[in-house]
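Residue numbers (my numbering), protein chains in the order written: chain Y, 1 to 572; chain P, 1001 to 1316.
FYI, nobody ran anything at the bench for these hints, they're computed from the structure.
One thing to keep in mind: the hints can contain errors.
What the hints assert, rightly or not - To give an idea of the chain P side of the interface with chain Y (calculated C-beta under 8 Å), a few residues:
no., residue
1, Ser1041
2, Arg1123
3, Cys1154
4, Phe1157
5, Ala1168
6, Thr1185
7, Leu1259
Don't be surprised by glycine CBs; every beta carbon is placed ideally from N, CA and C.
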Amino acid sequence: MKKLILLALVLMLALCVASSANAEKAFHTYLTADTPILNGHNSVETSLDTPIGYCGATLYRAIADESRLNYKYIGEIAAELPEEISENVWRIALRPEACWANGEPINADTVMYSFKMLLDPVLANQMADFLSDASITIVNAKEYSKQTSDAPVAWEDVGIKKIDDYTIEITTTGSVTQNSVCAQFTNRATAMVYEPLYEAGMNADRTSTTYGVTADQWMSAGPYKLESWVHDSVQTYVRNENYWLPEYFNFDTVEVRIIKEMNARVELWEQGALDYLSPDANTIETYIDDPRLVENSSLTVFHIDINCKNPENPLTASINYRKALYHAMNREVIARSIFGYQEPSGTYVNGQAGMFSGEIYRDSEPGLAVTARVNEWGPAGYNPELAREYLAKAYEECGVSEDTVITLIMAFDESDTAWKATAEYLKEELPVIFEGKIQLDFDFHTESATAYKQTHDVWDLSPNDWSRSASRTYPYTCFYYYLSTYDSHPNNFFDEEFEAQYAVCDSEEVKSDYPRLLEETAKLENIYLDKVIHIPMVQGVGYQLISDRLELPVDEFVPGFGWGLIYADIVE
Amino acid sequence: MLKYILGRIGAMLLTIFLVMTLSFWIIRLMPMTIFENPEVSPEVQYKLEERMHLHEPKIVQYYYFLEGIILKGDFGTSVKLRPGMDVFDIIMVRIQPTMVLNFFSLLVSIPLGILAGTVAALRRNTWLDHVISFAIVIFISVPSFVFASLLQYCLTFLWPVFPTLYNAQAPNVWQAFRSMILPITALSLGPIATIARYLRGELIETLSSEYMLLARTKGLTQNEATWSHAFRNSMVPIANTIIPMITGIMGGSLVIEKLFSVPGEGGLLVDSIMAGDHFLTVALLIFYSLISLITILVVDISYGIIDPRIRIGGGK
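All chains should be built: construct the whole structure from the sequences, respecting the hints.
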């Protein structure tokens, strides 16, 4: 009898071991807002990175390299890295084994169709610029996508050519690096689209397509297949058996819950139902000492735009007034206490700028020199004494009597809690710093800040968080929105010297010489500081909690690659 | 009666038209740039706005809007939340979870509200009445999303009895329903309290009426008199508070759906307003108005049946 019981126990144990050995490796993650559409051509939402990263296929893919400290590009649909066959002409060979989840081949025709549709001038896809002009600029691509009837451009003139069924050629406007070419073709906008469904969803005048509106109207081609998608609830991915590079991926299934409420996300994290959590400003304090917490610089430097045309502010056009405001910002308090464990920043070029080009600008010698200059003024540029000096100069310059009290209007969206708290802090702080000469009042707006600024004159300060992803390749491009040539510019202060220096950075000669580009960017940033184009405040820091059961492909955060969660493994 | 019903339907259609018009103007007059995004080139933004006739005068935009709905039955296409998808299809896809949530909420609210109201009235001025009355005040005055957060914290985090979020891919009906218990509970507390409060008041008034005394003197027991006379008479005004409650519950579910990640209409309305998805917002406002108007129509008709004097122009 005892033997029988023992045998039964052994059998049960064996079954348990066997079942755990065969246990599905299921990765549980979340999005704070669902992907609006699966068509990478027509949505600017970054939430699209998730389904396309797992279930889509692009020409190249970034994976962790052997050092586990960096990443490298491998061909996904491409058979190998791009080859420069003549000046500015890059040849890309395609894998014959690449195919859709239904087994149909992906070849040069697929690539040509996908890119042609992305740039289609009638479709007016929101992501067209991510193919035409990002890390590299493709000949006539922008001209084709933005053409008007007055200046037509033929598709044949665009620098994207099919050579044979498994080879394409890309012609760029200037000299670029192999990495830049790869970076351009890892973007979600350049993921392949499945022609039969794309065409089936096209409306009569070919101005829009329903491709990717639902899971049934989209085709997977990546390492996973989109098994189900209940919008605003959950996306489920399972392994794609037809995928040609399975060795890089370890999860069997991926469940992406759409969880809009932070509390719910925290509860699921605490229950172990999520493998990843990005705590917000209100939650970070709970986890700040958690060994599972990792951090990284983000693309965003929160800043404050200054109106230089407020008819009710006598100092409005003065650069000394701008400098006074710059030095009056106690960024340490605002970044650490109000924004919640973020980095104070007296400079504007973000912490990811340049990461696709081999060296992050902020870590480079020219970038560090600018930071040092700022810190000489005070911590992250904060120096109340200097602020008072500049304000006195501004008063004198503008002929304003010393006893005049000026009330600045800070316009912001009241629902933005971090900026609201910042505004309230500044309302207390600025009169103290400026000995009562400067007061702060608020104007709340419900529309976007840009719409507000286009319709209002009487405002002085307006928070902003615009960032430009192209700065990951070319650091200077983060200033792009502050040029007079940018139609939807969020400010009204333009400076000739600043624009001339931007043009220098933007020249092909400088862009092709990265060390020089870093130096020219530093010059640009110095002009930016001299003129206070706007007030930099806080360098965004991303915090993530990563479950212990995940084995990551890298040992530390790699700019441009992150933690490589898609390539992680589950080790219970 | 038929004339009365046709009159009410006519009034309903007129109201829908007014709601459509008001929704359009309120949404379109909001100072918002639909495609504003620094990553999208101004040329593309212009083209997309042009396609939506946003550069035309507002009155012309209104003409296109009415033309689409009245002549083509086309409410337009979503531009932000589900770009390219017909807004009518979006509403239809998401109607089921909202309806289930609201239906079960009402299903739970009515018997529990009646039970609580009856017990409180029959045990008037006892500790039981005080407890129920206190709960009624709390449930009516505190918004449903506060209870939702509390329930979520207590019953999914402290004592994990229920799943934290709605499970849209539940393997069976029970699992799906289990994940809806908390949102249903959170939505039901207010209506339960409302019904209980009404019924308690009505029942107390009826119990102290003279015909109840007459019923007792005829030889009926207290229970028989209460059930046959007091309870029935008290239910007449209650019936007419229950139907409009559907609208109230649907209003509450706007936030509850978001809290529990229920992929219904409620969260969609909030998101579409925030995103500036004009066509979707207007279509959803019309949808909610339609639900409200249908419930009002049902109430009006039921009033007409109960009390012929209420029928408007019903052959005096």
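Flag every earlier hint the structure violates by its number, smallest first.
2, 3, 6
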